[in-house]
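Novice: Here are the chains, one letter per residue:
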Amino acid sequence: MLMVLDYAGVSLFAATGALAASRKQLDLIGFLFFAAVTGLGGGTVRDIVLGRVPVFWVIDPTYILICVATGVVVYLTADRIEWRYQLLIWLDAVGLSAYSVLGAAKGLAATGSPTIAIVTGALTAAFGGILRDLLANEPSVLLRPEIYITAALSGAAGFTAAHALGMPLYASSVLGAGIAFALRGGALHYGWILPRYRPRPGRPPEEAIRGKKKRRGR
Amino acid sequence: MLMVLDYAGVSLFAATGALAASRKQLDLIGFLFFAAVTGLGGGTVRDIVLGRVPVFWVIDPTYILICVATGVVVYLTADRIEWRYQLLIWLDAVGLSAYSVLGAAKGLAATGSPTIAIVTGALTAAFGGILRDLLANEPSVLLRPEIYITAALSGAAGFTAAHALGMPLYASSVLGAGIAFALRGGALHYGWILPRYRPRPGRPPEEAIRGKKKRRGR
Amino acid sequence: MLMVLDYAGVSLFAATGALAASRKQLDLIGFLFFAAVTGLGGGTVRDIVLGRVPVFWVIDPTYILICVATGVVVYLTADRIEWRYQLLIWLDAVGLSAYSVLGAAKGLAATGSPTIAIVTGALTAAFGGILRDLLANEPSVLLRPEIYITAALSGAAGFTAAHALGMPLYASSVLGAGIAFALRGGALHYGWILPRYRPRPGRPPEEAIRGKKKRRGR
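Each protein sequence line maps, in turn, to chains A, B and C. Once you know that position 148 of the first sequence is 148 in this note's numbering, the rest is easy, because the numbers rise by one and skip nothing. Once you know that position 89 of the second sequence is 89 in this note's numbering, the rest is easy, because the numbers rise by one and skip nothing. Once you know that position 151 of the third sequence is 151 in this note's numbering, the rest is easy, because the numbers rise by one and skip nothing.
The hints are simulated quantities; they were obtained by calculation from the structure and are not laboratory data. Backbone N, C-alpha and C define an ideal beta-carbon position, used for all residues, glycine too. Do not take every clue at face value.
To be verified - Which residues of chain A face chain B? A partial, calculated answer using Cβ under 8 Å:
| # | residue |
| --- | --- |
| 1 | 24 |
| 2 | 29 |
| 3 | 33 |
| 4 | 53 |
| 5 | 54 |
| 6 | 64 |
| 7 | 75 |
| 8 | 77 |
| 9 | 189 |
What the hints assert, rightly or not - Facing chain A, according to a computed beta carbon distance under 7 Å, are these residues of chain B, among others:
| # | residue |
| --- | --- |
| 10 | 80 |
| 11 | 149 |
| 12 | 199 |
To be verified - In silico SDA-like pairs for lysine to any residue, Cα to Cα no more than 20 Å straight-line:
| # | chain 1 | residue 1 | chain 2 | residue 2 |
| --- | --- | --- | --- | --- |
| 13 | B | 24 | B | 140 |
| 14 | C | 24 | A | 24 |
| 15 | B | 24 | C | 192 |
| 16 | C | 24 | A | 137 |
| 17 | C | 24 | A | 196 |
| 18 | A | 24 | B | 193 |
| 19 | B | 24 | C | 193 |
| 20 | A | 24 | B | 133 |
| 21 | A | 24 | B | 199 |
| 22 | C | 24 | A | 145 |
| 23 | B | 24 | C | 137 |
| 24 | A | 24 | B | 130 |
| 25 | C | 24 | A | 139 |
| 26 | A | 24 | B | 24 |
| 27 | A | 24 | B | 195 |
| 28 | A | 24 | B | 144 |
| 29 | C | 24 | A | 134 |
| 30 | A | 24 | B | 140 |
| 31 | B | 24 | B | 137 |
| 32 | C | 24 | A | 192 |
| 33 | C | 24 | A | 194 |
| 34 | B | 24 | C | 138 |
| 35 | A | 24 | B | 143 |
| 36 | B | 24 | C | 195 |
| 37 | C | 24 | A | 199 |
| 38 | A | 24 | B | 194 |
| 39 | C | 24 | A | 141 |
| 40 | C | 24 | A | 140 |
Produce the complete structure using the sequences and hints provided.
Specialist: Here it is, written out as structure tokens:
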């Protein structure tokens, strides 16, 4: 069952990659490339840092075929979807939630360390989307006041804590994914944000300082 | 002989990296850095995902010395070349063709899977150039309607298919590299492109939608 | 003692990452993310290419906790620091110096090759900062005429040469780090640069050519 969830997660992220390609009006190969990078990126980095090489999609090429199939389907159907950007960010939210738990479970299985489980959960969930935005030259979610990595970390932490407290795997997974999706979904729907860092009152914002420096001829 | 080809491929890609550095008017160390990143990047990622670590240039540091030598030669001679950008993209095309086959051969040897062979072929061939453009802050080939990854995939697929059909290694290699170079060269010379994805007729292009959203104060 | 130095180096780089987050006015999780990426990035790539997986922070999660603690401290105190950018670049210089030696020592221990030691020294020292600038969308040190990678390479080379000549580990380390810091510090304080590549006299600079091409409608 974990494997089916894994295939589904890859397909979800692959779909967000292909939708990003549709926004850039790329060709079919561009769709497949972004589907593969987004679908496989997070898990690839997770496997490498954990020393689980060859990585998962080299061991089981089905993952590649899933990305290809998803890319083709999006290429053929994306023009019928009115709200592609909405679809992209909500699919991304579901994928993020599933992967924060799956990544934490793999990190826990490989090392037994809750700290590592939380980090690999967040890494697996967030890295594919970060890579997609970087390569697509989209403004990165990292630089916006968004609850994104926060949601992934919270989901991974919730799963890890529930598991440590003796909850069964299935219940811990649902709890962790639920926390992640509640936070990310709430952020998308209600615009929740964490307080941003502010320099102390009376100090001009960084942009103003930099602008002034530039005007001084820096 | 495969090793000589490999050295030659690294040197070709290293030269494109150094030429990119010359376009940015960097210093000598900048030339060496871009030569090394472009020459070694694709193969490094290929080795890591296949679990072949330490990676090739750690096992055989000759590859590093080749990048250094290529970087120095380009630093000393690039100002005599009138058409540096033309040279860069054509060297890149030759390197892409050679590496699509070499990467596929290594993927096939490591896993026996044709799917993996095609992916590692394309990865090895395309990743160095993508990394070069990303770090040099050049517009990525990924976002232009270019036959680039398509050529790498086709070369790797051609080699893999020919090999599976029992053609000898040498003939399969020439066939694969020939397919890749014909596609990439044709794209460069004749401007061949794949059809880009288009939203259905009557729908305004993405840029217009985003511009409108911005004007509405998003 | 090497381990204490290593923790200190991670904390220094993590602090530069968190300071970059403060310049972008991110939230607390953004501070932690940039602290972790900058503090752990260089060593992670070093370990992966050397085949030392799982990577160091998976084996010893203390490194992650150091990044988290550093990120929190910077989040709480950065607004009291007048010259955050100055602090960032000088901390970066100290971290660069320490890591050029540490990275070279690990590369030498893993392979015995002086060439690899110099490369892993520079890689460990420079990669975290490059990744930080790339993800923070800051102009990369790679494209400015800066003595940065040069300082890391020189420190790693100085350490490696001294070690090969039979100097004790402690003395070689101080010498290597001293060379790196002298070069990087001199570059920051006196504005030292290496000569940039210049096309031959009489040729217009690249920007002019590109501008002209664009005006011609490219």
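Novice: All the hints need checking, so say for each whether the structure fits it.
Specialist: A quick look at each hint next to the structure:
no.	hint	verdict
1	24	holds (6 Å)
2	29	holds (5 Å)
3	33	holds (6 Å)
4	53	holds (3 Å)
5	54	holds (4 Å)
6	64	holds (6 Å)
7	75	holds (6 Å)
8	77	violated (11 Å)
9	189	violated (16 Å)
10	80	violated (34 Å)
11	149	holds (5 Å)
12	199	holds (5 Å)
13	B:24 - B:140	holds (16 Å)
14	C:24 - A:24	violated (27 Å)
15	B:24 - C:192	holds (19 Å)
16	C:24 - A:137	holds (18 Å)
17	C:24 - A:196	holds (9 Å)
18	A:24 - B:193	holds (15 Å)
19	B:24 - C:193	holds (15 Å)
20	A:24 - B:133	holds (18 Å)
21	A:24 - B:199	holds (11 Å)
22	C:24 - A:145	holds (10 Å)
23	B:24 - C:137	holds (18 Å)
24	A:24 - B:130	holds (17 Å)
25	C:24 - A:139	holds (13 Å)
26	A:24 - B:24	violated (27 Å)
27	A:24 - B:195	holds (13 Å)
28	A:24 - B:144	holds (9 Å)
29	C:24 - A:134	holds (17 Å)
30	A:24 - B:140	holds (12 Å)
31	B:24 - B:137	holds (10 Å)
32	C:24 - A:192	holds (19 Å)
33	C:24 - A:194	holds (14 Å)
34	B:24 - C:138	holds (17 Å)
35	A:24 - B:143	holds (7 Å)
36	B:24 - C:195	holds (13 Å)
37	C:24 - A:199	holds (11 Å)
38	A:24 - B:194	holds (14 Å)
39	C:24 - A:141	holds (13 Å)
40	C:24 - A:140	holds (12 Å)
Checked against the numbered hints above, the structure breaks hints 8, 9, 10, 14 and 26 and satisfies the rest.
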